[in-house]
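*Asks:* Below, each chain spelled out in residue letters.
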Amino acid sequence: GESVGLHLPTLSVQEGDNSIINCAYSNSASDYFIWYKQESGKGPQFIIDIRSNMDKRQGQRVTVLLNKTVKHLSLQIAATQPGDSAVYFCAENIAGYSTLTFGKGTMLLVSP
Amino acid sequence: KAGVTQTPRYLIKTRGQQVTLSCSPISGHRSVSWYQQTPGQGLQFLFEYFSETQRNKGNFPGRFSGRQFSNSRSEMNVSTLELGDSALYLCASMSGYEAFFGQGTRLTVV
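Chains as they are written, first to last, in our numbering: chain A, 17 to 128; chain B, 3 to 112.
Derived from the structure by calculation, the hints contain no laboratory data. Here a beta-carbon is modelled for each residue, glycine too, at the ideal position from N, C-alpha and C. It cannot be assumed that every hint is accurate.
[As the list claims (entries may be wrong)] Which bits of chain B does chain A cover? Going by a derived footprint, with three or more residues having C-beta under 8 Å, they are:
#	stretch
1	33–47
2	101–110
[As the list claims (entries may be wrong)] Mimicking DSSO-like on lysine-lysine, the simulated pairs with C-alpha atoms at most 30 Å apart in a straight line are:
#	chain 1	residue 1	chain 2	residue 2
3	A	K120	A	K58
4	B	K15	A	K72
5	B	K15	A	K58
The whole structure should be built from the sequences, with the hints applied where relevant.
*Replies:* Laid out in structure tokens, this is it:
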């Protein structure tokens, strides 16, 4: 499928490295944050979420960190694999509203 | 259970035409959101429907419209197509604040 990665910041890593993808969010009222992974030709897939009353949440090989003071979110992927190559988006949500506001995305390229 | 189904997957239209895209959400989900994805603008919110009513709307011109049926299936329509409407149109089936996306409809306007 056509790439959605044009004009995106790109992070290139070697297989086995740890990856860190950053996101700055805009609305201090946002209280729910989600990371999505989008592979070529597919829709975004949920990876992990975090609520504003937390500053860290761990999943399988992924960790999300939230710094509300500077409105910053990061996604850490441990032991990155070629299958992790994709575009990663952060999304924010405000309580009471069901719409998500997405960041521009980061393309992760993993070399074997 | 089945995921979100969007049809068609690909579409080529001429400027000035209109187009209708369809989305079937996950069974039991009553909220459907639509997003436009372009390389330059990323994912932008179009509108959200819940129980056949438009609940939220993004900043798109009136040429973009949608509706939802009693079985929660949703359609979006774009009239008087412009070249800039070429994009991937994504439908999300909502469960609370979590969005489950379909594969999208790739619209190309020539």
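*Asks:* If a hint holds in the structure, say so; if it does not, say that too.
*Replies:* Hint-by-hint comparison with the structure:
Only residues whose C-beta sits within less than 8 Å of a C-beta in chain A count toward coverage, and the stretch 33–47 of chain B has 10 of them, enough to reach three; the restraint holds. Closer than 8 Å: that is the beta-carbon criterion, and the stretch 101–110 of chain B has 7 residues meeting it against chain A, so the requirement of 3 holds. Between K120(A) and K58(A) the CA atoms are separated by roughly 17 Å; this keeps the pair inside 30 Å, and the hint holds. Restraint check for K15(B) and K72(A): not satisfied, since their Cα atoms lie roughly 46 Å apart, outside the 30 Å limit.
Restraint check for K15(B) and K58(A): the C-alpha separation of about 21 Å stays at or below 30 Å, so the hint holds.
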